[in-house]
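**Student:** Residue strings, one per chain:
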Amino acid sequence: MSVINNRKYALIYIAPAFVIVVLLTLVPIFMVIAMSMSEWTYGQTFNSSTFIGLQNFINLFRSKELLHSLRLTLIFLFTSVTMEFFLGFTIAYFLDRLNMKVNSLLLGLFMLPMVMMPAMVGTVNRLFFHPRGLVNFFVESFIGFRVNWYSAGYALIAVIIAEIWQWTPFFILTTYAGLQAIPQEPIEAALVDGAGSTQTLFLVTLPLLTPVLLVSILIRTMECLRNFDMIFNFFAGGPGNATETLPINIYRTTIYSRALGFGSAKGFVLIALMVIGAIVLSKLLIKYSWNE
Amino acid sequence: MKKIIVVLLVLLLGVGTVFGSETPKVIKEWGDPVREKLAGTEIFILASAHPSINAFQELTPQFEALTGIKVNWVIIEEGAMYGRILMELAAGGKSINAMMVCPEYLFGLVDLDALEPLNKYIKNAPAWFDQEDIFPAYMDMLTGLDDNVYAVPFAGESGFLMYRKDLFDEYGISVPATCDEVLETAKFFHDKDLNGDGKGDIDGISFRGRRGWGMNWPWALMTFPFGGELLDPKTGNSRFNSQGTIDALSFLVEAAKYAPEGIESFGHYEAWTAFSMGRAAMLIESTAAAPLMEDKTSSLVAGKVGYSAMPEGPAGAYSGVWGWGLGMTKASNEKQKEAVWALMTYLFSREKQMEYLANNGVVTRVSGFEYLEKEKLPYLSAIKDALAQAAKLAKKGYTVVPRSPIWMEVVELMGTYGSMAVAGQMTPEVAAEVTHEMVQKAIDNNRLQKQK
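Going down the list, the protein sequences come from chains A and B. Per our numbering, the very first residue in the first sequence carries number 426; after that it's consecutive. Per our numbering, the very first residue in the second sequence carries number 56; after that it's consecutive.
Fair warning: there could be bad hints in the mix.
Under the rule of at most 30 Å between Cα atoms (straight-line distance), these lysine-lysine pairs were calculated in the BS3-like manner [as the list claims (entries may be wrong)]: (1) B:K289 - B:K507; (2) B:K429 - B:K351; (3) B:K289 - B:K451; (4) B:K507 - A:K489; (5) B:K351 - B:K439; (6) A:K489 - B:K505; (7) A:K489 - B:K496; (8) B:K242 - B:K359; (9) B:K431 - B:K351.
If you are wondering where the hints come from, they were derived from the structure by calculation, not from laboratory data. Because the structure is a prediction, the values reported are computed rather than measured.
Given these sequences and hints, build the entire structure.
**Tutor:** Written out as structure tokens, the structure is:
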């Protein structure tokens, strides 16, 4: 079969999946863009909305609340994903180094936080982080005093800890799978050539593992940026606005203020953030793996 | 506990040992023409998990058997109700025929022309429905400025003060009658060593301080005793910068000093639990919390609690009412509307009330209250006083939830900045001023949109 025929068949085969992906992703994004250029009171049908061009975006840049939410979102994102990555990688690396077999029981334990609904994680952690809750029971036992996790100063830290608790296992599993899959010959060769374990880790293992790690970071970045359920059920953006990340701010604008157009403009900012994150990480991914 | 009491009462009243075993003649006579006209009609009711909704669901099979109407209860989480309602309406509103509403968003839905006025239905309701028997304050909270009733209440509550009667007796403290006395008492009990181990065992007072749907309740409740206003009842403009409203917030900020740690994130659950677990000497809360405090299976203070109406402020003693009702969507067709009303007539009627109460439904009727009163529940007298305080406030032309189409947005704003004041992030004066500016901006925006 010629190359041209191969391509023709390939196009036919991927067409259904391509159409579905376009319908499920691009169409909603275009709808958000269209809505963000309208003044639409939520609860009324779209016919009642009016086109206002870029006015919502102009208002967006005047919004101090949005800047505050953006700042919190980025703090939440970088702290959570970085900690999850380091903890997950470290645990997976030692599991691999110590030749510990991840059996179904251990796998189940790792997956337990991940399979919990984020809304439930938020609710449960609201109890755990209560000033007289389980977390403070341990904190007080170890350091002798309680931390007021419900206060404006600590609420975001509590949310980040809950996020790390839930999603570190994701990095453990993906990294461990990656470590099991990478070829052992280069590592053995490095060790034979006299490289220490630190040199082997940074010069051999990590480069081989980069594609897996980048994909994991990419997935978690996207998830983290749109985290709503957990934070909403934990603190609802409070106390005050101490945990009002961008998704919470969008919800507040869209539901409580019924400003669907303005909420969509904020949603567009979130999508833009996710796209930027995805492009940066994808470029790194291509550079370090698929083009090699 | 409540269920047991009501069941015993029903037995004493001789209603029967098996509820619903026999349909009263009046209901059967009403049911025959309804069946003839509406049998086979299917209706969808959007509601959240609530004791009254559970009771209605228990009674629904009887209704379906009587009328031939098929009832589908769509139950979702309470916090997601408003968003879901707006989504349904944006999609045309035809897939839901009735919905659970509270005063906070009722008037927003009226503004969207989404709810059918129920006056004509109520007017033609059978005598055994007895609308007059429903507490006027509860009916009033779901009535629009145009005097149209947009929902029938099925659960109601007001605000009052709960206190540890045993500790008050032990330390010779009298029940605080004024807001100043509340603060003094809270200060007295805060961090008090009750068991002599040298450590503080209790906090002075508990209330909701959580952002949004939380902090809005105590702030709204305390505003009127301090002579403040939320909105101007005549112009509908913001009055959050009125001195009384600022004083009310200052009172709560002061009270927070004697409250459990983390009060700024306390929703109703945390506020109730602090008191029911014996960690607070007083609790300013809704009357709905009282049965829980007396339930020995979930409360460590059952039998030790005293109940009192709201304390008096510089402007007097006032409380307010709040509750849930069922409203009918305007987009439904005539048959569905009639079927929804038939359901409301049946479930909300005085005739079915005892079965409803026996299934843990929340009382909203005067007669139901009188039945419960015979059992001498410790909190009933204080609830009655709180209702009288709410009626007094209504007489002055105010409600704790003003009839504003943007009140859900206001709840979020006052809850956010009120919570920031309680958390010490800003002073009560600044919080009230920012709330005022934001609320007025939201009101102006809404007006501007209407003009367009």
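**Student:** Now tell me if each hint is right for this structure.
**Tutor:** Right, here's what the structure says about each hint:
1. B:K289 - B:K507: Holds, at about 23 Å.
2. B:K429 - B:K351: It holds: about 21 Å lies between the C-alpha atoms, which stays within 30 Å.
3. B:K289 - B:K451: Distance of about 12 Å is within 30 Å: holds.
4. B:K507 - A:K489: holds (27 Å)
5. B:K351 - B:K439: holds (24 Å)
6. A:K489 - B:K505: Holds. K489 of chain A to K505 of chain B sits at ~26 Å (cutoff 30 Å).
7. A:K489 - B:K496: Holds, at roughly 15 Å.
8. B:K242 - B:K359: holds (20 Å)
9. B:K431 - B:K351: Between K431 of chain B and K351 of chain B the Cα gap is close to 17 Å, so the pair holds against 30 Å.
In summary, the structure agrees with every hint in the numbered list given earlier.
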